Amino acid sequence: MKRSIWQLPRARMAAFSVFARNFLVWRKLIGPAIVLNFGEPVIYLLGLGIGLGALVGDIGGLPYLVFLASGIVASSAMISVSFEGMYSVYTRMVPQKTFDAIMATPLDIDDIILGETIWAAFKGLLSAVAILIVAALLDAVPGGWMALWALPVVFLLGLAFAGPAIVMTAIADNYDFFNYYFVLVVTPMFMLSGVFFPIETLPDWMQTAVLVLPLTHAIEVIRPLIVGEPVEHLLAHLGVLVGFAVVAYYLAVALVRRRLWN
Amino acid sequence: MTLPDPPAAHHHSAIPPVVRARGLVKCFGALRAVDAVDFDIPAGHCFGFLGPNGAGKTTTLKMLMGLADFDAGELSVLGHELPAEARAIRARVGLVPQGDNLDPDFTVRENLFMYARFFGLSRAQVAERVDALLDFANLTHKAEARVDQLSGGMQRRLTIARALVNDPEVVILDEPTSGLDPQVRHVIWGRLAELRARGVTLVLTTHYMEEAERLCDELVVMDHGRILDQGSPGQLIQRHVEPDVIELRGTVSDGVFATLTSMALRVERHGTAVYVYTRAPGPILDFLGQPDGLTVIHRRAGLEDVFLHLTGRELRE
Chain A
145 MKRSIWQLPR ARMAAFSVFA RNFLVWRKLI GPAIVLNFGE PVIYLLGLGI
195 GLGALVGDIG GLPYLVFLAS GIVASSAMIS VSFEGMYSVY TRMVPQKTFD
245 AIMATPLDID DIILGETIWA AFKGLLSAVA ILIVAALLDA VPGGWMALWA
295 LPVVFLLGLA FAGPAIVMTA IADNYDFFNY YFVLVVTPMF MLSGVFFPIE
345 TLPDWMQTAV LVLPLTHAIE VIRPLIVGEP VEHLLAHLGV LVGFAVVAYY
395 LAVALVRRRL WN
Chain B
8 MTLPDPPAAH HHSAIPPVVR ARGLVKCFGA LRAVDAVDFD IPAGHCFGFL
58 GPNGAGKTTT LKMLMGLADF DAGELSVLGH ELPAEARAIR ARVGLVPQGD
108 NLDPDFTVRE NLFMYARFFG LSRAQVAERV DALLDFANLT HKAEARVDQL
158 SGGMQRRLTI ARALVNDPEV VILDEPTSGL DPQVRHVIWG RLAELRARGV
208 TLVLTTHYME EAERLCDELV VMDHGRILDQ GSPGQLIQRH VEPDVIELRG
258 TVSDGVFATL TSMALRVERH GTAVYVYTRA PGPILDFLGQ PDGLTVIHRR
308 AGLEDVFLHL TGRELRE
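Residue numbers (the working numbering), protein chains in the order written: chain A, 145 to 406; chain B, 8 to 324.
Capping the alpha-carbon separation at 25 Å, the derived lysine-lysine pairs in DSS-like fashion look like this:
#1 A/Lys146 <-> A/Lys241
#2 A/Lys172 <-> B/Lys149
#3 A/Lys172 <-> A/Lys241
#4 B/Lys149 <-> A/Lys241
Quick caveat, the hints were computed from the structure, so don't treat them as lab data.
These numbers were taken from a predicted model, which means no experiment stands behind them.
Turn these sequences into a full structure, and let the hints guide you.
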């Protein structure tokens, strides 16, 4: 009679109705979404890439703008997914009670969280696409069409970051709680995973430490694809991302069940 | 010699109940929120759970939907056992929750289409149904409005319409008219009566006695997780309270109180009011006459008297 929150989730097509709900809402608010998706990278790439790049020169054998653009593709997806998985999912789960409404239909929490995870990853993908377009216009995508292969990796990166964000949402009492995750998790990754400078410039022990961060592995794959270089250790990097995605999805489902089941 | 079943009883046994609960227990820590309750909800009836706050009504409804676990007992809805077949149950049941949880990002019409999609129903499949539901809820003129542009009563009607989008056989309503003005409540009561006339089984919780008396064919009175009694409103009134109540508001002297006690079946003092329960109100009213500083109200006993008799008059906070 008691359900266990640790019962394995089941993936069902019903999850796409949750994705569809979020997509339809996003489409209504597409104006501000596009300003955010394109505006931010333009500012970053122009400000840092061109401004700072003039001082820095080449980095890792690449013009700084190229180096930075390929990193920002990944980091901006991470940030976009994290926002969606925390602020937006919390809004739907707690004040708006959208999850309660959906739970009165045949959908289970498994389906809701799967739909939210795919949706968050999709939003990350949108921001990555916007940056790739801006970077291409600035002539910072030497890989050409091959750079498109980065997009499935960005999507996987999104799945890997959606789960942890939803885990935070499941245990959050209010929006302020997310500051911890941003300060302690997102910002360090943003600074240390090779977005702004190669991880080889870090001290040895830190180079080892950053290997536990999913963003590091995502950038190790995404950067060569955008730059047009061969990818090393592809399966190992993807394996880490898949691992994060699967474990975090499972944890997210369990903790949302703990919160919403009674 | 065996007697044939009376027709009504026979009718009941032929159609299996829509909901069957046996020995249902739900604990929150040490608190037994639902404490070994048994009930059957017959098909096509309006069945009410009546009780003070914290009686276990909402928890019971959540268990019917598979939204809350239970600790012991058996529970089946529409022939499906819980908790294993909760999804199959939710596909055939509609829920009107206590607080509206409409989607604020969508218009009225979009709310209905989107909700249908969660039941696996496409736009094309439910297009006609959505129009009919908008009409049913008197919201056709607001179909393109956003939810936050609706009044509380309109939101409630939309929530009820939304609960019907999957053409449910059972509709569960948790305090359907709480916080609404009388006009809106009457409209909603009318709509619920219409649903019941169409053969939809209604299961509701309420603490409005008038609502229970008007709508419910059968009700259970719950308190502290237990069912205190069960029956039609008429049966409950007959069983628990005398048919006439004389309510005295104002200062009643001890002498008058003693005389009333000798004349009536039961006299209770609560706060500044005295309630006199009797089968013969005439002599008591004659005795009271037209006293100064005292308001005398003579009325038929109602469900409220049953409710207060069964659950007591102390505050629940």
